[in-house]
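**Q** Below are the chains, spelled out letter by letter.
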Amino acid sequence: MADKGMTETLNDNQFMQYYRQILLSQVSEYGQQKLLNQHVIVVGVGGLGCHVTQQLTAAGIGHIYLLDDDLVELSNLPRQILFDVTSIGKPKAICAAEKVIAMNSDTQVRYFCKKFTYSFAEELLHTNAELQQAHQNGQLILLDCTDNMPTRQLINAWCATHFIPLISASVAAFSGQLLVIDGQVAPQSGCYHCLFGSNANPQGCANLGVLGPTVATMASMQALTTIKHILRLDTELKYLHIFDGLQLSWRQFVRHRDPKCKSCGHWPSQSENQLSSAHQISPKKVNL
Amino acid sequence: MITLYVNDLPVHVNKNSNLQQVLALSIQSLNLQLDNIAAVHNQHLVPKSQWAISVCNENDQIEIFSAVAGG
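Read top to bottom, the protein sequences are chains A and B.
Going letter by letter, the first sequence gives residues 1 to 288 in the numbering used here.
Going letter by letter, the second sequence gives residues 289 to 359 in the numbering used here.
Just chain B, same shape as in the assembly (with noise of 0.2 Å):
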C-alpha cells in the first residue's frame, strides 16, 4: 500500500494504482461524479484519456474539483 493525498486528505491505495482507480475510490466522498470533474496530478492537470495510464507514487498530491459553468 502507498500514501497519497486527495485534496490534502491522506488516502491509502495499492501501490501502481493509476489515476483513474483512485479517482474512483475518491468522488463518493466528495459527491462529486467523474463526468463533471477534472483531476490535478502534481500540479498538471490530466486529461480523461489519460487517467488510466497515470500512475500514482507515495506522497503524489491529487486533486479533483468540479467544472464551473455559470456566466
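Here chain A stands alone, though its shape is the one from the complex (with noise of 0.2 Å):
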C-alpha cells in the first residue's frame, strides 16, 4: 500500500533515468517513489548547501527549497560548486535555484533570498499548503547547512517544535560534524542543543579557513544520510559523527537528550516504535 500523500508509479523516462539508484534493493522503484515526493528545505546555500542541493537534485527528490540571504563573493567560488565569475554580487539562492532547474525536470525548486527567522519559518509552512500537506504526510525535511551558531539552534528550535527531521551538518578546518535529528524516531537521543548550548560560539570557515574537498565530504554525507531517513534504512540515528579530514577518520559517539533542554523538552520520552511495540508486548506480559 502506498504512503500517504504519494502519487502514481514512475513513467519510463523516470525508470530510465533512476534505474542505478532503483536496482538497489534498499531503493527499488518504491523508494525512488519516496524520494519524488519528498520536500527537503536547504537552509543556508554555501559550501554545504550547494553540494548537497546538486546531489539531491540529482537523484530525484521532489521539492526543495533553498533558503539563504547572501549574495556569492569570489571567496566562495572554491568550494561553492554551483556559482562561477558571472554569479559574483547575485543572490545565492536565485544562482543555485537556476543552476539546479536545469539538472532536473523532476525537482521542483523554490529559492527565497531570506535568511532564516524564526517568523519566517513559520510563514513558509503555514502558507504553503503543498509543504504543510508534506509536513502532515511525513514528507518534510530540514537541512542545516549555515555557518554560524546562532542560526544553528534556531532552526533547531524550530525543527523540534514541528517534529521535523532536521539534518545537520557543519564543517570548519578539517573538521566536520553530522548529526540526525528526529523527535518522534528517536526523542531519546535529543536535539542540537541538548549537544550545543546555546553560549557555544564556536569559529567558522572564514576564521579557520576550509579545503572544498572537505565541505564536499561532509555534503555527500549530508545528501547521503538524507535519501537513508526518506528510505527509513537510517541505523545511526544515536550517533553524532565526527570527521577528521586530516586523518581521514571518521568517530561516532552516542547522543543522549538533555533531560533540561528547552528546545526539545516537549518530546516524547520514547520513539512511536518504542511505544507501539511497547503496546504489542504488554498482552503477552500479561498472559504470562
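It should be emphasised that the hints constitute simulated quantities derived from the structure, not laboratory data.
Here a beta-carbon is modelled for each residue, glycine too, at the ideal position from N, C-alpha and C.
Check the hints yourself; a few may be wrong.
Stated by the list, open to error - Pairwise CB distance ranges, derived in the manner of DEER restraints:
id, chain 1, residue 1, chain 2, residue 2, range
1, A, 132, B, 343, 40 to 50 Å
2, B, 343, A, 233, 36 to 46 Å
3, A, 224, B, 302, 41 to 51 Å
4, B, 291, A, 198, 29 to 39 Å
5, A, 127, B, 291, 54 to 64 Å
6, A, 246, B, 303, 28 to 38 Å
7, A, 260, B, 343, 14 to 24 Å
8, B, 349, A, 19, 45 to 55 Å
9, B, 309, A, 24, 44 to 54 Å
10, A, 70, B, 293, 38 to 48 Å
Make one complex out of these two single chains by using the hints.
**A** This is how it looks when you write it as C-alpha cells:
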C-alpha cells in the first residue's frame, strides 16, 4: 500500500533515469517514488548547501526549497560549486536554483532570498499548502547547511517544535560534524541544543579556513543521510559523526537527550516505534 | 587519586571527581572554552546539565571537542 501523499508509479523515462538507484534493493521503485514525493528545505546555500542541493536534485528529490540571503562573493568559488564568476554579486539562492533547475525536471526548486528566522519559517510552513501537506504526511525534512551557531540553534528550535526531522552538517578547517535529529523516531537522542548550548560560539570557515573537498565530504554524507532517512534505512540516528579530514577518519559518539533542554522538552520519552512495540508486548506479559 | 584519560592523555584527579571538575581542569591546556565544547564519557556524549552529576572512575576515557558551525 502506498504511503499517504504518494503519487502514482514512475513513468518510463523516470525508470531509465533512476535505474541504478532503483537497482538497489534498499531503494527499489517504491523508494524512488518516495524520493520524488519528498520535500527538503535547505537552509544555507554555501559550501554544504551547493553540494547537497546538487546531489539531492540529481537523485530525484521532488521538492527542494533553498533559503539564503547572501550574495555570491569571489572567495566562495573554491567550494560553492553551483557558482561561477558570472554569479558574483548575485543572490546565492537564485544562482543555485537556476543551476539545479536545469539538472532535473523532476525536481521542483523554490528559492527564498531570506535569512532563516522563526517568523519566516512559520510563514513558509503555514502559507504553502503543499509544504504543509508534506509535513502532515511525514514527507518534510530540513537540512542545516548554515555557517553560524545562532542560526543553527534557531533552526533546531523550530524543527523541534514541529517535529520536522533535521539533518545537521557542519565543517570548518579539517573537521566536520553530522547528526540526524528526529523527535518522533529518536527522541531519546535529543536535539542540537542537547549537544551544544546556546552560549557556544565556535569559529567558522571565515576564520579557520576550509578546503572544498572537506566540505564536499560532509555534504555528501549529509545527502546520503537524507536519502537514508527518507527511505528509513537509518542505522545511526543516535550518533554524532565526527570527520577528521587530516587523518581521513570518522568517529561516532552516542548522543543523549538533555533532560533540561529547552528546545526538545516537549518530545515524548520514547519513539513511536518503541511505544507501539511496548503496546504489542504488554498483552503477552499479561498472559504470562 | 585516580588516573583517567582526556583526549588520550593521562590525567590524575581526586577519587569521585565529576565530569565538570575534570573538564574545568583540562580545557586550559587544550585552549578551549567550556561554552564551546561537548564532552564524551566512555563513548557517550554527556549533556552539559549532567556534567556535575557524572562521576568519573579509574581508566575512564573522556573526549573533549569543540562545536563546528561552518557551512
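**Q** Please go over all the hints and tell whether each is borne out by the structure.
**A** For each hint, the structure was consulted:
1. 132/A x 343/B: 40 to 50 Å: 48 Å, holds
2. 343/B x 233/A: 36 to 46 Å: At 38 Å between Cβs, range holds.
3. 224/A x 302/B: 41 to 51 Å: Holds: the Cβ-Cβ distance is about 45 Å, inside 41 to 51 Å.
4. 291/B x 198/A: 29 to 39 Å: 34 Å, holds
5. 127/A x 291/B: 54 to 64 Å: 59 Å, holds
6. 246/A x 303/B: 28 to 38 Å: 37 Å, holds
7. 260/A x 343/B: 14 to 24 Å: 19 Å, holds
8. 349/B x 19/A: 45 to 55 Å: 46 Å, holds
9. 309/B x 24/A: 44 to 54 Å: Distance hint for residue 309/B, residue 24/A holds at roughly 50 Å.
10. 70/A x 293/B: 38 to 48 Å: Holds, at about 42 Å.
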